[in-house]
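Each chain sits in its own coordinate frame; assemble them with the hints.
Residue strings, one per chain:
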Amino acid sequence: MEQGCKVKPKAVLVETNWVVDVIAPAYLQSPQAIQLLERAQAGEFKLYVPAICLAEARETVPRRFSPRSRSDDLRKFIKWARDEGRVTPDEADAAYQVFAQFDGLVANELTKVKVSERLDELAKHPSLNVFPLSEPMLERQVSIGAMDISLKPFDLAVLAAVIVKSEELQQEGYDWVGFCELDSDLQPWDKSGARKRILYDLYDDVRILVYADFLLEDVSELPESWTT
Amino acid sequence: MMKTSQPDIIVTSPDGEYLIIVEVKLKDISISVKNAIEQLKHTMASIGCSVGLVVAGDRVIFLRDSLEKYNGESIYVVGEAKLPHYLLPSADEQWKGNPAIEFESQVQRWLEKLKLTASMENFPSDLRNLLSESIMSLLQIGEVRAGGPRWSKVAR
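Chains as they are written, first to last, in numbering that gives the first Met the number 0: chain A, 0 to 227; chain B, 0 to 155.
Note that these hints are calculated values from the structure, not bench results.
From the three backbone atoms N, C-alpha and C, an ideal C-beta is built for every residue, glycine too.
Among these hints, one or two may not hold up.
Dumping the calculated DSSO-like pairs for lysine-lysine here, alpha-carbon to alpha-carbon at most 27 Å [unchecked claim]:
no.	chain 1	residue 1	chain 2	residue 2
1	B	K112	A	K5
2	B	K95	A	K190
3	B	K81	A	K195
4	A	K195	A	K5
Pairwise CB distance ranges, derived in the manner of DEER restraints [to be verified]:
no.	chain 1	residue 1	chain 2	residue 2	range
5	B	S133	A	F101	31 to 41 Å
6	B	A99	A	Q34	23 to 33 Å
7	A	A145	B	S73	47 to 57 Å
8	A	D82	B	K33	44 to 54 Å
9	B	A99	A	D184	19 to 29 Å
Only chain B is shown next, with the shape it has when bound in the complex (with noise of 0.2 Å):
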């Protein structure tokens, strides 16, 4: 049985509902992005989440749940997009030298400028349609927060 991991950002809505849940890869690597997007998945079901985000590297795959079938059987991958580097605001200094948890905190702070600015007007065409509405009004009704404590995976 595969294991339920912490989401690495979750945007939650005042209710505490999650939202979205994100899983990061700080590189595209096959293999890496295969088991994000089957452990996202399985995260999403065990949760109740039926809006995921993968990102690994400059690739952002965006996964729904229909919620037509249980235990995640109906979760689909809706499609994916290339993320810019330049799109990427710095991480947190308190991150710094740990790259995949920097990586993570650029992922972070984009998710919440785009809450913010509610604008994708520099995105390229096929980013701009895997977000469209759907993500930007629950970012926009969320808050975006780490999925949990960042200093113990520095820590390991």
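This is chain A alone, in the form it adopts within the complex (with noise of 0.2 Å):
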């Protein structure tokens, strides 16, 4: 394994965070979780992601993206800076045509049949594979919750499912892998920067590297153990 170099994974796995990033409203749709496709279809790297992760997806995106308040506050706002003289009568005009598209974008956007129309369409994407729980990886989320480990029965899901892919993914050639993961409670790290010792061994067992955006920075440096 290379040390002391830049080195990136050649296989990346993704969990219900990135999907959802890539399927949210087009406005709202982080560009990192975009990039991380295009990288992918460029060759750069294979990426994959548990198939438990859409349908986690699927209930996530319209309750993560509905607005914190809708417009009627900004629209009882205009109203008041208009009679006040605050505004024109056409800064406040302009200012409820915005509205309206905003209004008519949200309830659009965050249809179940939107986000489900948008869920198939990445679940179909060329460049990304999306993988079933398998026997093996139902078997491996019984023996991780023995563990002192406190998740939910969710996210005991993914882990198993991601640990047991990259066993998988070396059994094909892979040195290790990637694992963009945004949900704090399966970083390998609490909130102080320290290592979670039962998930920072799981990961590192079967030469899972996290990272904690979609960025996929070089590394310089593999852990010791993955040398060999």
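This is the structure in structure tokens:
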């Protein structure tokens, strides 16, 4: 394994947060999540996602991207500001047009039908490998669940899926894999940046390097135990 | 092209959205602060975060993206203030002996304390004005975390 030089994984795993960021309404999509897919399409690495993450994203997207406040408060403000002479009638009209567009876009983009369409499109993307939970993954979920590790059932399923997938990828010839993981529960460090020992070891044993974003920066050093 | 680096401290919403990102430098050295501001701007644009703080020694610089333009072109420095050392809690024990990481830990604990107490009572007026409602309200709804593993920085 390369040491002291810049390396990138040739296989990358992602989870629900990535799916959500890719199928978000257009104006809220994460550029780096989209770029990751484009980089996979350009052949930089292979991209994998557990199928259960697509199912979770279907529920998450409408909840996460519903505006914190509808435009009603802003409409009331503009009405008041126009009446008080703080904005001109033309400015108020322009604002109302923007609110109408925004409300229309939100109502349209966050419907279950629209979200499902975008998910189906993503699932069929030629550069994304969607894999189902296999029997060994379900078995691993049980064994990890017995460890002293507090994870929600869904996170446990994702963890088991990426661990077993990483083992499979190594059998296919990959030295190690990257895992872009934005969910702090599945990151192998705690809020102070210190190692979560059990989780760290689980990833380390199957040569998964966890990234906290979708940028997939070069790494200059890999764990020593991966050199053999 | 500038490399996007992992922020030192992040404040995220319950949905994982980046609310504030923080770049920490142990010392207030002109060139290093300038680089930190450019680095923070780049990271803010890359990860889609509209509020950033640079903490360099006893200096806090507040950056905001008005989102009027793409690629971070609308990020501007809102202002800066002094962060007196007496306001900083002690660092997490595990980082003792590594001054840069210790300082990061102190800044993180300061933000956590600010979130918990929601009080700027003993703050100098310039710092109170700088942080004002916008930073405080984001701290209230978010969780303060390390931007990534600190052990890897120690190992380097």
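Hints, one by one, checked against the model:
no., hint, verdict
1, B:K112 <-> A:K5, "violated, 38 Å"
2, B:K95 <-> A:K190, "holds, 17 Å"
3, B:K81 <-> A:K195, "violated, 35 Å"
4, A:K195 <-> A:K5, "holds, 26 Å"
5, B:S133 <-> A:F101: 31 to 41 Å, "violated, 22 Å"
6, B:A99 <-> A:Q34: 23 to 33 Å, "holds, 30 Å"
7, A:A145 <-> B:S73: 47 to 57 Å, "holds, 51 Å"
8, A:D82 <-> B:K33: 44 to 54 Å, "holds, 47 Å"
9, B:A99 <-> A:D184: 19 to 29 Å, "holds, 28 Å"
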